[in-house]
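Make the complex out of the two chains shown on their own, each in a separate frame, by following the hints.
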Amino acid sequence: MTEEIKNSNWKLRKGQIIAAKQMTATEKWFDIKLEDGDLDHEPGQFVQVELYGIGEAPISVCSSPTKRGSFELTVRSAGRLTRHMHSMGKGDWLGIRGPFGKPFPVKLMTGNDLLFVAGGLGIAPLRSLINYVMDNRREFGKVDILLGCKTPTDMLFGDEIAAWQKRLDVNFSCTVDRTAPDWKGNVGLITSLIPGVHINPEKTFGVVVGPPIMYKFVIAELLKKNLPERQIILSLERHMKCGMGKCGHCQIDHPKNYYCCKDGPTFTYEEVKEAKKL
Amino acid sequence: MNYHILEKENLDGFIKKLAKKMKVCAPVAKGHNNFAFEEVTSAAEIALNYIPTILPPKKYFMPQREKMLDFDISEGKPKDTATLEAPETAIFGVHTCDLAGIQCLNMVFSERPRDYNYLLRKEKMFIIGLECMAYCDGSASCALVGNHFPNGGYDLFFTDLGEKFIIHVNTQKGEEFVESIGLPKATAADMAALDKAREAKKAAFQNEIGVDAKKLPEIFAKAMESKVWHDVGARCVSCGNCTNVCPTCYCFDMADNVNLDMKTGTRNRTWDSCQFETFAAVAGGENFREERAHRQRHRLYRKFKYPLDKFYRSFCTGCGRCTRTCMAKINLKDTLKALAAEHK
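Each protein sequence line maps, in turn, to chains R and W.
Number 161 in our numbering belongs to position 161 of the first sequence; there are no gaps in the numbering.
Count along the second sequence from 1, then add 1000; that gives the number in our numbering.
If you are wondering where the hints come from, they were derived from the structure by calculation, not from laboratory data.
Computed from a predicted structure; not experimentally measured.
Using N, Cα and C, we set each Cβ at its ideal position, and we do this for glycine too.
Treat the hints loosely; a few may be bogus.
[To be verified] Using C-beta positions, here's what the derived DEER-type ranges look like:
1. GLU1066(W) <-> ALA25(R): 36 to 44 Å
2. LYS224(R) <-> GLU1066(W): 47 to 55 Å
3. LEU1119(W) <-> LYS224(R): 46 to 54 Å
4. GLU1039(W) <-> GLN22(R): 29 to 37 Å
5. GLY89(R) <-> ALA1036(W): 48 to 56 Å
Here chain W stands alone, though its shape is the one from the complex (with noise of 0.2 Å):
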């Protein structure tokens, strides 16, 4: 394992060592207890002690409008190409949660047939976890899929320890960097003062509904007709917020724009939301998931049922953003903690 110390004075520096190679984006107060990610130039910027951004990272990996065609239709036969601009990218700060939902994303996007746009996103990101040593707030469930403590997905990773930084070094890329800027080396000590502070965390991070993560799968198989959905479903308003802030959600929709010379255009793909009503509706006027419980209930499984069958994984994070953006005030750990005492 390898271990490396940044003194918390020294950040500065680091983030403009690394702003010198590559854009860099951190955290970033916008006031009333938001944040969002945006490129910064200087650790004053950043917002250390941050809840989750309103946006995840995703945005960076699987922009909101992403062109995936360029086209040109000024003769009779039509000419397209496609063609990407992705800058090499640090993201800075990223919570375990997030770190988790950018490996959702990897493992969608890597299934074939696969998708370049976001592949050739992902190789140009250099990604710097930070680890939360206390709740971000009431709205997090992260303990509940285990991923309050780190499962890879970075390149380096921070975690606090008072006046310094210890860095988990995760890849070679990170390694080089580390080394290019002549960062120390954790002693022994370091590393005991990382045990321990894991160790108070260990403490501090509980299941927070209550249910055993493992039984989850069970309930959901079981709670395809369950009155919750109804429950949820007439207090939801269809804004889809809630998959917007979500890190693993990345349905989307496509749609041409057509230059003003009205010779030339591109072929853009935007965020969608399984919310809107007409998501499933087709052309001849069928709409399959015509009812708002229907669509928050699939919402949810494809956060607790779907991707555990397919990817043997959770693709709830436990970020806790559906919940805080929420209009409607639709909380998560509450609908789960009431299908789980449905489905005792």
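In isolation and in its complexed conformation, chain R is listed as follows (with noise of 0.2 Å):
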């Protein structure tokens, strides 16, 4: 009377962790590569990651899909299965489904300017999404990068970070909340960062990511430079349990129903704003 499912789709695809790497006191970055082949994402998805006999959590895929063979998560021990996921390095394995949710408007953003504001964490789906510009320059207007964290210690992607400053191509800036001994950048909120870049409003896609507290400040810098909504590009965090619209769990109190998992989590602002909280 038991029969197999063979088109489950709670099956795991086996990833096995290839390097990992400490990047801050609470995020830890890991390289993963497939047994089946690539994960085959676009910038702005996430996948789910089984730790088996912990459960299940959903991740953004932090690497650019221009980059084959393996994908990277960047993972802020926050819950249980994350606190479990930073004792794991090379070598370990586990299971992974997706990629899940609706990527970055990617097509839509070509030969237009693009203004990306990560905060804290944020940085790493915007990640996906900065790497593959970086790759595909040669596509995309004018790029600047707004990259906001609490102190210095807490900057992700320090490598990455230096060599976005050299490039030519970048208008790179960061700011931190609380400064430290050796810091020589800017100091304040995310916010103060956006009155200085000059946008063109009709060709710029403004790109956020961030913790709910900074979307409506940003938001609202943003409008101030007459950016369209619907050229606000923001990915929103829910708990996304299944991954495919059912579990209810990342459900947006908004009246257009959404759910995180499968409608977002990018979104336009002129499609969430009626949301009840971004």
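As structure tokens, this is what we get:
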């Protein structure tokens, strides 16, 4: 009477950690190779990571699909699963479902100027898009990257950021909420960087990823710059438990009944401005 | 249209013949006016006159706890398989409200990406409806949403005509069973009796809240900031009973279970409730539906607004279970009336 469900959407792809690095006190980076080939994701999508016996958690892919052979995750130790994941390293296996979710609208962005605004861990999902843009740099216009974090030691991807700062085809600015003795950069909230950026509202996409509290203030600044609502792209955070628009956990309180996992996580501000919380 | 007749005295034979072919589940009295769908082998065990069971038949389609994967982590690389054990099951005596509930869940789980656990279970079901000729109690609001009459979703459908049942045969599977046990066809007189019973029922069942169901989506479109949610939220204790007993609530949680050998285990799905405080919380600390008022609002929007936009149907079936089970006496009909009064 027992039958196998060959096409079950709960079956997991098997991934092996091929490199791992502690980035900050709370964030660890993993490079994962799937046994069945590339993840085949798009910038802005996420995967469900299964640690057998512990459970599953949704994690944004932080590498660009232009990187082949493996994909990368940056994981903050925040819950039971992520704490356990921090104890894992090279050679360990895990289960992967996905990729899931609506990616950043890369095709619509082609030929336009881009303004990236990342707060804290928001740089992780945004990095999948930033690196994609870097690898296809001539397809896009002016590129500005604004990064904010709590303190200089919380900064993620320091080596890459140093490389972005040196590039001539990217304008990079960074700010910290609280300074440190050897910090020479800006101090203040990320919103303080926006007035200084020159924006051509007709041909600019603003891509904003950060903690929920950040959205309200950053969006207000972008609207002041006359950036149209549909050219402001956000990636929202919810607990996507199934990734298939069914379990109900990630539903957004919005008249359109969005499931963050299926209709998002990326949205235009125009789509979600009626949401009770961003 | 294909109708057959079963004399009431032969119901026991009907159930026993059915039980020879498959597992048969039906409403059984549990005392204190509570009923539950359980496995039966004879008609004597069945409560034909029952108010909606504590749990709806969804428990057979989407069990409270269901294994989605077996895994083996004894070697470096994990292995997993998805298997399902779903016996052929007949559910006898399903009221029209619960037939509607099953139809709602069918839509949800057929949507891509499909839920094959649900769909394979569904294939094994033989559904026999039973018509209510009078209200079960004052908590029901089936006429409001048009579920007091059958709208499909069954193989066979029983209507009480006094000494006998008239059975509407809706599927080939139903036809084959009815033929195999030799039930006679309904006569013109039986059909006339059915029409007469339905006419009487039309008069007995009336819109229970005095608000046109077609107006509800409009009311909900305006009611996001209603103070009604705060009244309801102030009483709600977030126990999750209303969602557990709801025939169309399907939110779930996933959890791993490791066996004592520490080498094998299972990945399981369990019912969850949007009424629980941490339902919409994320690991980072943010809770996107922190207030009980907002969680109650969310529950009703998932019945009266969102599914109407997405599936063109109300996900409230009018069964009245949420009202009956609520410890804080939150009454669905009162809530709807209060919203309608506020948004005239």
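Outcome of the hint check:
| no. | hint | in the structure |
| --- | --- | --- |
| 1 | GLU1066(W) <-> ALA25(R): 36 to 44 Å | 39 Å, holds |
| 2 | LYS224(R) <-> GLU1066(W): 47 to 55 Å | 51 Å, holds |
| 3 | LEU1119(W) <-> LYS224(R): 46 to 54 Å | 51 Å, holds |
| 4 | GLU1039(W) <-> GLN22(R): 29 to 37 Å | 55 Å, violated |
| 5 | GLY89(R) <-> ALA1036(W): 48 to 56 Å | 50 Å, holds |
Checked against the numbered hints given earlier, this structure breaks only hint 4.
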